[in-house]
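**Q** Given next are the chains, with one letter for each unit.
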Amino acid sequence: MQKIDKKYKYLNISKSVLIHILMYSLAILTIMPFIWMILTSVKDMSEIFVYPPQWLPNEIKFQNYIDAFNAAPFGTFYMNSLIVALSVTLGQLITCSMAAYAFARLEFKGRDIIFYIFLGTMMIPANVTMIPTYIVLSTFGLIDSLYSLIIPGLASAFGTFLLRQFFMTIPKELEEAAYIDGASKWQVLLRVIIPLSKPALATLAIFTFMGVFNDFIWALICINSEELKTVQLGLATFRDKYLTQWDLLMAGSVTATLPILIIFFVAQKYFIQGITLSGLKE
Amino acid sequence: MAIYKKNKDGLAAAGFLTPTLIIFGTFILFPVFFSFYLSFQEWNAFSWEGSFVGLDNYTRMIQTKEFWDVLKNTLIYTIGTVPLNMIVSLMIAYGLNQKLKGKKFLRTLFFAPVVVSPVAAALIWRWLYDPNFGLINYSLGFAGIDPINWLNDPSAAMFALIGMGVWKTFGTNMVLFAAGLNAIPDSYYEAATIDGAGAWSKFWNITIPLLSPTTFFIMVMSMIGSFQVFDIVYVLTSGGPLGSTKVLVFYIYEYAFKFTGEMGYASAVSYTLFALLFILTMVQVKYMKNKALA
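Chains as they are written, first to last, in our numbering: chain X, 1 to 282; chain P, 1 to 294.
Hints are computed from structural coordinates only; laboratory data are not their basis. Errors might be hidden in some of the hints.
Derived DSSO-like pairs (lysine-lysine); straight-line CA-CA distance at most 27 Å [what the hints assert, rightly or not]:
{"no.": "1", "chain 1": "P", "residue 1": "246", "chain 2": "P", "residue 2": "258"}
{"no.": "2", "chain 1": "P", "residue 1": "103", "chain 2": "X", "residue 2": "269"}
{"no.": "3", "chain 1": "X", "residue 1": "15", "chain 2": "P", "residue 2": "104"}
{"no.": "4", "chain 1": "P", "residue 1": "246", "chain 2": "X", "residue 2": "269"}
With the C-beta cut set under 7 Å, the calculated list includes, among others, these residues of chain P facing chain X [claimed, not checked]:
{"no.": "5", "residue": "8"}
{"no.": "6", "residue": "10"}
{"no.": "7", "residue": "20"}
{"no.": "8", "residue": "31"}
{"no.": "9", "residue": "109"}
{"no.": "10", "residue": "144"}
{"no.": "11", "residue": "145"}
{"no.": "12", "residue": "149"}
{"no.": "13", "residue": "175"}
Positions of the beta carbon are idealized from the N, C-alpha and C atoms, including for glycine.
All chains should be built: construct the whole structure from the sequences, respecting the hints.
**A** And the structure:
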């Protein structure tokens, strides 16, 4: 009997080792493109165009980053992306909290119908509304301005839904106490609900920021001026100019991916929550 | 009185909802209807004028060979990515569900491709796919496979796109599968172990059946996502070579915004895409309802 137990234990250990090796190899394979990107971004061209590939650079060449920033105004692109992403994120936090509060707590005619229409719009693909949205924006003369990237994103069905679900879990007694003290609905939202909803708001903020920062097609359609390009659009046009200058292209790619990767590593729990909650964001 | 009471917060609600309703009305609801209207118009982006043409845009679409090619490419991309994506993400979610050191860290690594910008990711993959100096051909060389001109050979480019597409999106499904796996009670596995079931039998007889609602949801959502692929196509292949990777959204983009500004025709194509996605969504909704009733 003891012998069999030992055998099982031995089997279990070898199985566990096998799973560890397998999973860690797959993980390394998954992030290999990033490792290769970073390594390439600090190599000299003479080390890039060699076969078989050379893994490590002979010396780390940060000059590539300086050259990339000289070849295209990445600083400006960055500013534009930050302005757009931060405005949309802040805007959504405000509009979604307000709407979510109305749907979660207020009693008014047609509330459920409006809410279901809202949910339904989550299923409308952005590509269907793209052309009319462009026409609307251009009617207001907003094409080729950062407003064209900000304004359409200032509300979100996903965000409203996410916050509403969270608000509904907050005990009503807390609000009632505030009402007795004479607080208005706005004050209750600001002083009671919002402070209790930080995790949900963080999830929404991070998710929105990532989505807007990474957005490409909308910027491609709306922006023409070089000085208004976002990082993604700038990087795509950079590709057209420096087709195989992999040192500069990879330096540019690192610049465009690093902030999001860092935010992700620090706050990954919110990303995962966002995915699990929505389950549908592409 | 009852109605009055039910609407007691009407005024306040109007205040809270106004900003959202304005944005939604202008940029979602109006466009949905206007897009439908546009699809029956000849609308030129440069002259900014439309004229009613009935079903002309739709008949033109059906008679255009390129439309069918593009639809075919979109389907090939979807059929190529979705099953592969699901197998990979389920395997990894299952692996992460085992006793494992550094589980969270591993999950972070697997999820990383999802969060980075598609533009930068596609640039990296262009470099990986380089026919002469790319890591992928180099690795395949060990298996004795001759270098493939991934992005310039019309018969290879779609495979290149699918490979990258799976890498970029499997993390999302991995997280969803992990949530589904977590929801399966341990007692089921314990009971099966007592009955002498092996790991493989437990996987097929417990995990797969109990996971099926999650699996179905993931499948439909992945299909909806794949149907709309654009960013990585734009940067990785620009729809080429010889249109072999040109997909529906790319086609819409070209007609509406790149070349001719034929917004009416492009709207007809995008409404067709909408109809296809709507069918998928309804299948999903119906399935969920049946599940809820059962």
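**Q** Taking the hints in turn, state whether each one holds.
**A** Going through the hints against the structure:
1. P:246 x P:258: Judged against 27 Å, a Cα distance of about 14 Å means the pair holds.
2. P:103 x X:269: holds, 13 Å
3. X:15 x P:104: holds, 20 Å
4. P:246 x X:269: Violated, because 36 Å separates the two Cα atoms, which is more than 27 Å.
5. 8: holds, 6 Å
6. 10: At about 4 Å, which falls below the 7 Å cut-off, the nearest Cβ of chain X leaves the hint on residue 10 (chain P) intact, so it holds.
7. 20: It holds, given that the least Cβ distance between residue 20 (chain P) and chain X is near 4 Å, below 7 Å.
8. 31: Check passed: Cβ of residue 31 (chain P) comes within 4 Å of chain X, closer than 7 Å.
9. 109: Residue 109 (chain P) check passes; min Cβ-Cβ to chain X is 4 Å, inside 7 Å.
10. 144: With Cβ-Cβ at 15 Å, over 7 Å, it is violated.
11. 145: violated, 15 Å
12. 149: Because about 14 Å separates residue 149 (chain P) from the closest Cβ in chain X, which is outside the 7 Å limit, the hint is violated.
13. 175: Nearest chain X Cβ about 5 Å off; hint holds.
Consistency with the previously given hints fails for numbers 4, 10, 11 and 12, ordered from lowest to highest.
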